[in-house]
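Chains as they are written, first to last, in the working numbering: chain A, 1 to 315; chain B, 1001 to 1315.
Heads up, some of the hints might be wrong.
Mimicking EDC-like on lysine to aspartate or glutamate, the simulated pairs with C-alpha atoms at most 16 angstroms apart in a straight line are [said to hold, decoys possible]:
(1) B:K1284 x A:D276
(2) A:K284 x B:E1209
(3) A:K228 x A:E298
What follows is a set of in silico ranges between Cβ atoms, one per label pair, in the way DEER data are often shown [stated by the list, open to error]:
(4) B:Q1197 x A:G303: 49 to 57 angstroms
(5) A:F201 x B:G1271: 45 to 53 angstroms
(6) B:N1148 x A:R105: 21 to 29 angstroms
(7) B:L1060 x A:N91: 37 to 45 angstroms
(8) A:P106 x B:K1284: 56 to 64 angstroms
(9) B:G1271 x A:P106: 40 to 48 angstroms
(10) A:A272 x B:P1203: 28 to 36 angstroms
(11) A:S130 x B:G1128: 57 to 65 angstroms
(12) A:F201 x B:A1127: 21 to 29 angstroms
(13) B:P1283 x A:G104: 46 to 54 angstroms
If you're looking for bench data, these hints aren't it; they were derived computationally from the structure.
Beta carbons are placed, not taken as given, at the ideal position from N, Cα and C, and that holds for glycine.
2 protein chains.
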Amino acid sequence: MIRIGMDIGGTGIQMGIVNDQGVILAKDGVVTHTDIPFSEQISQMSECALNLLKKNNYTLQDLASVGAGVPGVADQRTGVIPKCVNLGWENVPFREEMSKHFGGRPVFIDNDATVAGLAESVAGVSAGTSSSVFITLGTGVGGGIIINGRVWNGAHGIGSEIGHMTLELEGEPCTCGNKGCLERYCSATAIIRQARQILQFHPESMMMEMCKGDLSAVNARLVFAAAKEQDPCAVKIFRRYVTCLAQAINTITAILDPEMFVLGGGVSKSGAFLLDAVREEVPKYALFKDAFPLPRIEIARLGTDAGIIGAAMLH
Amino acid sequence: MIRIGMDIGGTGIQMGIVNDQGVILAKDGVVTHTDIPFSEQISQMSECALNLLKKNNYTLQDLASVGAGVPGVADQRTGVIPKCVNLGWENVPFREEMSKHFGGRPVFIDNDATVAGLAESVAGVSAGTSSSVFITLGTGVGGGIIINGRVWNGAHGIGSEIGHMTLELEGEPCTCGNKGCLERYCSATAIIRQARQILQFHPESMMMEMCKGDLSAVNARLVFAAAKEQDPCAVKIFRRYVTCLAQAINTITAILDPEMFVLGGGVSKSGAFLLDAVREEVPKYALFKDAFPLPRIEIARLGTDAGIIGAAMLH
C-alpha cells in the first residue's frame, strides 16, 4: 500500500506518494491560493494528488490513506481545523472535504511540527526509538511527541505545543496572551529581537558589519555565524539561547523523559555548533544525571521532506 | 487474583491485599527500621505481607504480583532503587530481594507519586480517564503520569518528576542543584518559607497570632486558613501559589494535554478553596481556550490508601 502526504504551507503545498517505510516515491506540489474558497483549495490539492497517483500508475485501490500537516492547530478527532492563519482558514472541515475526492479513503490531519516529529521517528534520526520529542526551532517553536511509537497530541488535541510552555514567570510577553513562553526565547524571532536590541548599544559588534548596518537584515543565521566568530554580543545571545533551550529540554525530561530529543527547524541548521553547546548545557541542570542516562539529543535529518513523510504516516 | 501493594514511608510501611478493581481487602503495616541491613528490612516487610495473606486465607497461588511505592526514584526496569534517603537505601536490588520471599511472583516498584496517580486512575477521581497527570503538593512536589491507561515514567525512568520542571529561569535555588524548580514554589515547604519571610516584616499579620509568635509552628494549613480569612499577607502567598500552580498546569497541558489533572498531597487537603482558585486561574494563561476544552482539574479522592492501591496496580 502507498499513502499520500501533504505538507501545507503558506506559500506552497508539497505532496508525495510515500511507502510504508517512509520513503517518498514521487513528489509534486501546488501554489497556495488564499483568495479562493476553501472547497476550491481542497480541489486543487486533491487534483494534484490524484494526478500524481495516475502518473505513477497507482489507483485509489492502492491508497491506504491521505495525511496532511497543517501550520496551525488541527483537531485530529473531528478533522476540523479551528484556525490556520497562513491559509486563511477558520473552522474548516478539512477531513470531510478532502475525503470526498479520495473515494472515502481515511484522511488524517495534524500540526506540522507533530508531523515532522513522526517522520523523523519513522524514517529519520529517531527511527528505532519508541519515544521522542521533536522541537522545531523556527520562526516560532513547535513540538511533536511520540510515545510508544505513536503520535501523542493530548486528550483534547492541544498537546505538544512546546513553544508555549512557560520558561519564565512574568517573562517576555507572548502573542498567545501569556508571558515567558519558550517561543519568546528559542525562536529565530527571539534571536533577531535580541540582536536588534543589543546592536542599538553595541554598534561595534561584528553583527552590524554583517548586516551592513541594516537591522532589518539581521537573521538567526547571521547571529549564530557571528557567535561562531566569538563576537561578544552574538556569543551572549547564543549562550542565552542555549541555556533557555537546555532548561526547556530538562523540563520536558522531568515530565516526559523521552528516549531522544530531535531538534529541527531553521535554527537547527546551525548543526554541530548548536548541538554541541546544547549537549554540554543540558546535564548542568539535569536531575539524576549520575544515576540514570539522560535522553539523547540529535539534529533532525529529513529536512523539508519530513512534512510529506510524516503526514503520510499519520493514522 | 489478588495483589499486594506496599506503601513505603520513612516512619512506616503500610500494605494491603488489593483486588483487580483496586479495592483493599485487608491491611497491615510495619514500622520502618533504618538501623538494620536492607535484607532484614525486606524480610520484615515480606513477613508482614505473607501473614496478611495467611490470615485472610490466601496462598501464593492467589497472588498475581507484589508492588511497592517508594519515596524516591526507582528504576522500574531493573528493580533497583538508586537512592531513597528516608530508608537509607542506596543502589538496593529491591525487586530481586523481595521476590525471593514470594515464590518468584513478579515484583514491581515505582515512585510514590506515580503510584498514587495510578491508584486514582484505577479507583479514584480519575477512574475512567485514559490520560491523567497527578500532582502531589506536599513537603515536595511529585508527579504521576498515566497515558493510554498505563503509567508513563519515561524512557529512562526519570519522567514524571514534575517538581523539577523549571518554572522560572534563575529562580529560587532548588535542592536538586537547578534553580526555579516548581517544587520551590508549590510545595508546603515553599509556603512555609514565604510565610516566615513575610512575617518578619508584617508581625501584624493574623498568621503571627495563629502561630502564637512561634515561626517554627507555621505550616501550609495555617497560611491557607489565614488566606481564607482574608489576611493580606496570607492572601498574597496563596495567590502566588495558585498562579505558579496554574502556570505549571498550563505548561504540562502545552506538552501533554491530559484528560485530567489530579491534585493530591497535604496542600490539596484545603479542597475547594484551592481547587476553585486554580480552576479560575488556569484559563487565564491557557492556549486555545476558545477552540478546545481544557483538561479537568480535580482533588485526589483516595487519601492515604492511594499508596497501597496504586502499588498493587503496578504491572
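Hint check results:
1. With a C-alpha separation of about 37 angstroms, the suggested pair K1284 of chain B and D276 of chain A falls outside the 16 angstroms cut-off, and the hint is violated.
2. A distance of roughly 43 angstroms separates the Cα atoms of K284 of chain A and E1209 of chain B; the hinted pair therefore is violated under the 16 angstroms criterion.
3. A hinted pair counts as satisfied when its Cα atoms are at most 16 angstroms apart, and K228 of chain A with E298 of chain A does not qualify at roughly 20 angstroms.
4. Hint check: Q1197 of chain B to G303 of chain A, Cβ distance near 52 angstroms, so the stated range 49 to 57 angstroms holds.
5. Remark: the range hint 45 to 53 angstroms for F201 of chain A to G1271 of chain B is upheld by a beta-carbon distance near 52 angstroms.
6. In this structure, N1148 of chain B and R105 of chain A meet the distance hint of 21 to 29 angstroms, their C-beta atoms being roughly 26 angstroms apart.
7. Checked against the given bound of 37 to 45 angstroms, the beta carbons of L1060 of chain B and N91 of chain A, roughly 59 angstroms apart, lie outside it.
8. Look at P106 of chain A against K1284 of chain B: about 38 angstroms separates their beta carbons, and that is not inside 56 to 64 angstroms.
9. At roughly 46 angstroms, the beta carbons of G1271 of chain B and P106 of chain A sit within the given window of 40 to 48 angstroms.
10. With their beta carbons about 58 angstroms apart, A272 of chain A and P1203 of chain B fall outside the hinted range of 28 to 36 angstroms.
11. Look at S130 of chain A against G1128 of chain B: about 27 angstroms separates their beta carbons, and that is not inside 57 to 65 angstroms.
12. The supplied range of 21 to 29 angstroms is broken by F201 of chain A and A1127 of chain B, whose beta-carbon atoms lie about 58 angstroms from each other.
13. The beta-carbon spacing between P1283 of chain B and G104 of chain A, approximately 39 angstroms, falls outside the hinted interval of 46 to 54 angstroms.
Hint compliance for this structure: hints 1, 2, 3, 7, 8, 10, 11, 12, 13 are not met, and every other hint is.
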